[in-house]
Amino acid sequence: MHLEFTYHTHALLGALLVLTGCSSEVRREPPSPASPMSTLASSGGNGSQPPQGTGGSAGLNASSGGTSAGPPPTTIRAGACEVALPARRLRRLANAQMEQAIADLLGPASRPSITAGARSTRPLFDDPDAPVSTSLLAQLHSESERIGGEIANGKFTSLTGCNETALIDTCVSGFIARLGERAFRRPLSALELQELSAVFNEGGMDGAGAALELLLRAVFTAPSFVWVTEFGTQVPGSNRAELTPHEVAAQLGLSLLDSVPDDALLAAAESGALSTEVGLRAQVDRLLSEPVVQAGLTAVFRRAFMLEDIAIAEKDQAKYPEFGSVLRSAFAEEARLFIEHQVWGSSGTPTSLLTTQSSFGNQALADFYGASRNGPAEAFVPMQLPAERSGLLTLGSVLAARATAVDTSVVRRGLFVRRALACLDEVPSPSPALAGQIATQTANYTTERDRAAARASSSTCGPCHTTFDGFGLVLEGFDSIGRFRRAEQQPVPLAFGGALTADFTGAPDLAQRLASGGRFASCVSRELLSYLVAAPATSACEAPATEASLADTLRTLLASNAMRERSLGGSQ
Amino acid sequence: MTHSRNLTRRALLASLGAGSALYGLFTSMESAAQGSTAKRLLVLAHPIGSVRPSWLPVTTAGNLTLSPILAPFEPVKRNMVVLDGLDLVGDGGGGLHESGTVLIGTGSPTIAKQQGAGGSDDCAPTAPSMDQILLNKSPFLGGRPVGSLQLAADNRVEDQGISCAVLSYRSPTDYLYPELDPNKVYQQVFGNVMPGGPSPSNMAALARARARQQSVLDFSKRDLARLEQAAPASEKVKIDAFATAIRELETTFDAQANPGGSGSACQPGMAPAPFTPNVSESHGAVGQALLAIIRTAFACDLTRVASFLWAPGTSVVTFSGLFPGMETVAHHPHSHAGDRAIPELTAIDTWYSEQTSLFLQSLAQTPDGTGTLLDNTLVLYVTEVARANHSFEQLPIVVFGGPGVGIRQAGRMVQYQPRPFNDLWLAVANQFGVPMASLGSAQQWSGPLPNLFA
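Read top to bottom, the protein sequences are chains A and B.
Residue numbers 1 to 572, in my numbering, belong to the letters of the first sequence in order.
Residue numbers 1 to 454, in my numbering, belong to the letters of the second sequence in order.
Chain B extracted, bound-state conformation (with noise of 0.2 angstroms):
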């Protein structure tokens, strides 16, 4: 990525009026030579669990050997823990690809919607997701311009439904839809970029830029004031959402003011050219484009929270050529083919490696304090499912990090006795600072995993 930004002061003040991220990076390199880390949170799931012989691999005399589906992992092993054994333990409604998902990112129990005539599977999430809980409680995630990030490399459905598209969610009704388009995303995030730091001009540019901001909001108070008076007493949740948000961006518009560190890594490049959102053949493309989006904001400093997810659990994402004579399938379409979708269902599996492995050896090309992006950024690599039956059981899923993050021995696999997948949770939480006692229903949680953090 090259460092060739072309900011003109005109974008510079369409940015800072935009609301959205509004952060200058003029004090660059402070907080790094400070030797102050940061430490991330970034959820990432691919679709359809995995296949189970080729995805576990082996440890001899100590040694983890990837197996084929995982083997693209091999360049960032040294910062791999394989977990094997955890379970997603359903409560409540809602088909399995869907409520897996909002069980992966929830922890929590489900309700089935039901909408829809043809038998939509679409289910609604009961409590925020654990992104956003750790956002908004842990002493080392909060407080950033951008608050987190939610993209997806696809987002189409079978049924109707969101839940197999959504992991974040702020409340039970507040869904965090994640954001598909990297230019879109990109300006959001690096919009505000401020060459020449906090100069004088700029300086005056910004309050410049506050002060027509805060007109623009001051309307929206006092509108939303009059109409808070006319409305019945049931709508008041909604005016109460309303005034958050106003207040949101106003607050993001104040951290202009104090802005923290970003390093030398933090170097945005151009802009991603713009693309027609979910098109098989630029599957790759775009979640490279995105996943380049999440390391430059967490080089940054802007957000310390992200969520990515390749695709639904009902992916119509189509794959061809993975390997000589392989056909063109729609992942979970194909998924319901029995046996005979092994091939490519382990092909389009290792694809997911080999994508998320290039991001993930960004990362930890990136340097971040005194160590990489990598050691500060505990990954989780989570599916919705275990395969592609439905399974509940042994999910497949590895967790990427280092020591910034907690991960201090890495390239091993843990194998726990059958265990509910929450376990995760509730020791992720402690690790950042947020102790948890349990998380969803009685059945959904045992206690914080054990093995992990070490």
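So that you can see chain A by itself, here it is in the shape it has in the complex (with noise of 0.2 angstroms):
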């Protein structure tokens, strides 16, 4: 077993895989009412306003310290991060991805329901590499096939704009030709379109309804459709691709809206806006004050943090009487609003994330921590937390879902901080053989704080648990429900190098030096560009010299060449 415990910055070389790798997408309200049905019908496209680009050379250039001599850069450089550009590949949607797009494009009301291949949880981004199964097909074909069959049940023409047919005709072909481009991202060719008008009127040998059924189902089926393509094409000379505008505007697509492009979005691939730094800050601006985009990104970041799983936490009631629906539902809104306040509402910065003294809470909440706040009692409102409190870290959304029904875990909190926090590396699950020895040695101690000195002094056991349970026990001030207990906070020593070597004296203490020498901030950029290119970052992000606020590190990272080009990598 392999551990690395000096904190510099390679350190974070797949430290970040922390809340990377496999996950999900959120699942969100359909968008309020501009019917969709109306947009296919008409011809599409209206209100948006292809943004222009400055023309010229601003197309090819990397978003920072982009250089015109020397060596081509195949890493997304988005302010102070260099990663790994992504390689050229077929990026499969998430299961909800497909049901927003469906609804997107037909109708809230024909949402499908795919659950064949679904996670059962909350991860930052389903693996888009993962392979079309037999069952996921068959479940597209048989939920196209319901929600066509309801749409042909009535609805041919308001969803079409045209009138019924069993045959294809000028009206119905143009629909074919706009629903598929909203469908597969791109415009259809003529061959595509010729062979969808013949699955139309296959279709209406058994009449109109039919015919459009068919349709629906061949669209939602298709690979085309499943799959968004980043191929792009190559850059003459160099070892990386640039995307079409339309695969440009299929990324923000799916990172943004976790659907399919929005007419604004599918205007600017048209234009050629996309292509330019300009043109893509335009669209990025526009959809970050969408309040869709913004609830989808504040789900991402509480994902991150694992902040939902409070959602399923349960207590042992004759130990923590107090902790039930109640608390843990003023612990979910709490949550909810500390992060959409400090992405969206303050220019939170990765720092202020961990230091701020100021949450939200109801009465009851406030008096469970002993915060001050004013208003009314029900109403969720800002507070000042008390001295021993100190931002995410010690939320209870974070404190209670990290520890047993019974008591406080060292080791859940201790590899939270470890990972998520301080992006240190993966500690490995010790095996079998060895768990059991470690739950041997530790049973007869009766306290957290004794069973982790236990396993320190344990040539077992310490060699791994000496690299988290530190960061455990500075959180033991805090009993299982995350309530302050004032007979737990004693210094604790830690010795992880740098800023993280110390005698902690509370969570503020570690906060604060979680948080210094931008090394959370740089943590939190590459986990942002991970989700927003759904793919795991490999390399390290410098820490930013200045830390920019959480809204405009995505603003940066948007704009950057990872949503514009792909890597070559070793094919072709």
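Hints are not guaranteed to be accurate.
[Unchecked claim] Where chain A lies over chain B, by a calculated footprint (3+ residues, C-beta under 8 angstroms):
id, region
1, 89 to 102
2, 174 to 183
3, 223 to 236
4, 378 to 392
It should be emphasised that the hints constitute simulated quantities derived from the structure, not laboratory data.
Ideal Cβ positions, reconstructed from N, Cα and C, are used throughout, including at glycine.
Take the two lone chains, each set in its own frame, and fit them into one complex as the hints suggest.
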């Protein structure tokens, strides 16, 4: 087992896989009314304002430090972040993205339920390389047919804008072209249009409704719907490919809308604006101001810090009678508002995520924390946290979810801090035999502190556990349900190198040191980048010289070449 | 379960077009009349081991006396063999509930995934699961319209991670996630039952449905071919997998033309009511609805392989009132409360015995060939750890079945000197006509388990 304790920038290599790896997308409410049917029924694209590119050379520049001489970059450069550029590939839509896309294209009443291969958990993004299994394809067929059948039954004209017909005509042909362009995120070729028309006619042998139904089934079961291409075209003399404007639009659609591109994005792709940094920035700015995009990205942050786990935390009712659905809901609402405010409301930074003394709570939660607030008792309003608390680290959603039902958990909390906040590399799980030994050696101790001490002094357990137990010990001042208990508050020596070598006096001290030196900031950047391109970042981000706000960090990443280029890798 | 289906032609056509589970039952009773009897395999898992003192039965003078936890199986004792002395042998990473689940399913080493910020214990398999291997290789199991079923009554897990909730794997990367919704499974499996038999109008409808499906699949194939042209060579594996999925949909449709047998016991009842997944209060009801689908799918010979998970090893299903004064506890969280959790863990495991026994009794009451469905189904009642402390030793295992699957002496317990769990899989593989010399890494097997199939 290999462990790297020293904490310098290179320790970040691989550390960030913390929050990446597998994952899933946000399921969110269908975006508000602007009827998708009417969009498709008309000739689409109204109201879009293709941003002007500044023309000329802008298109090929990397976003920062782009040099015109020297070897062409095969990295993503975004602010202080420079990580390997993902290779060209087919990116599979997550189930939730397929559902959202179909709902966006056919109307909110036509949301399918795609569960085949569904993850039961909430990581940052679904595996975009996962195979399209027979069960998934079968479900796409059955769901698109079910929905198609519902639409065909009386909604032919409202969806297509055409008179009912069982045989392709000019109007229906136009509808197929518009639907295809939205669903495949690129214009259809003449051949594709012809093939889909033939499918329509085949269905038409059983009537107009059956024709539409079969057409929808062909579109939503097609490889071009299930996959986004990230192929691009090779930049001459380089090892990278520039994504087509439509591919850029598709990336943005998936990462920010969990769906197909909206009309404005498609228009920007068609005008070529998305090939330029200026044009890309304009779309990014527009999208980041959309409530649905903000809500989606807020959820990404919450998943990154596993804040949603509080929903299934269970506590021993005899020991913790205070912990019930009321407190659990309050924790969850606090976490949601906390993240939302940090990211969108207050120019929050990675540092303030960890160190802010303000959060949100109703009176009951404020009483539980010993926080001060003003406002109606039931309302969640800003509250000033007591001195022993600090930002994300001491949210009830963190402390209570990272503990067991009957006690705190030095291990769970320690691993969480180590990987999600300190960005240190992974600690392997013990083998079953080793886990058995650890359980045996610590069985006779009754407190978490004693168990941690026993592990630290054991040659079996110590080598691993001393690399994260210390973080958990700092949080022993908070019990299993996240309540402060002063008795446990003792300085905890930790020796992780640099700012993390110290006798920590408590959570605020730990939070301060985790935030110092920009390490957490670079960690956050890389996690966000991994999410946006749905690929684990495999190399380090430098700590930024000046810390940007979380929203500006997103902006920088989205306008970087991450969304516009791919590496050719070993294959062409 | 009543036989009151109401399938309209419209629904019939829809389901025919659906591509999954396309199968007509209009040759019912033919195969049964010919006396050919199918074998089935069901892996049925319950979470978090058992409480050994209340689990271990005793044998006196050749008579098996069931323990408190196993007592609910009394009605199916004549189809029951208790196995004691099998150890799960870990090799590789992952938490113990997680790797235990994968080890039970695959018998092969695991790889820690180590994703997630809070200490996820997730792991990945390194081999397909044995149910899938046997599905592909056994002359007795494959070739049915619905290849296999993977169902679960709950899939909530405590930490990030998925391996705790997945028993079956087509390959190390193709996870067969269990379906939770009885209604959806019902539609997939029985949506195509065709009242009226192979009448000319039915056959004509079938031909139309086939033509419609083919036109859609043909478009997918052409789309896929164009993508392959443009894609980097590294993506070929994904494209091939999509092509396989298309081909399998075509094949399942073709099975329609050559339907196999189905006995008079093949009577899908009404579709189950829609339900909200992962609700503790309906845990038993949902489990029964899913198991009823397995029973009928077996009876109709739509599939011969299934895996069923009551709940993942880090289950958060809550239980209450199983004995007077019992408070509400969540299964896995409570399992770490030490000795004082024993009454609740015993009650919960007994509850799983009761629920599972209800299903097994229904198999025993279903005629199949010259015996019952339980006589012709090998049920491996397994769990991912031996007990709440995560021990892998002395797993509580019970096998159910009858002469049709090689269980000729039942109502007994076999006690072994400690030996690997995989030895059970090796014996099962032999029983299904797939001789296997080994399974997993060297320490994970010693040889086919003796004294079970006799």
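Hints versus structure:
1. 89 to 102: With 7 residues close enough to chain A, the hint holds.
2. 174 to 183: holds (count 7)
3. 223 to 236: Holds, because 9 residues of the region 223 to 236 of chain B bring their Cβ atoms closer than 8 angstroms to Cβ atoms of chain A.
4. 378 to 392: holds (count 4)
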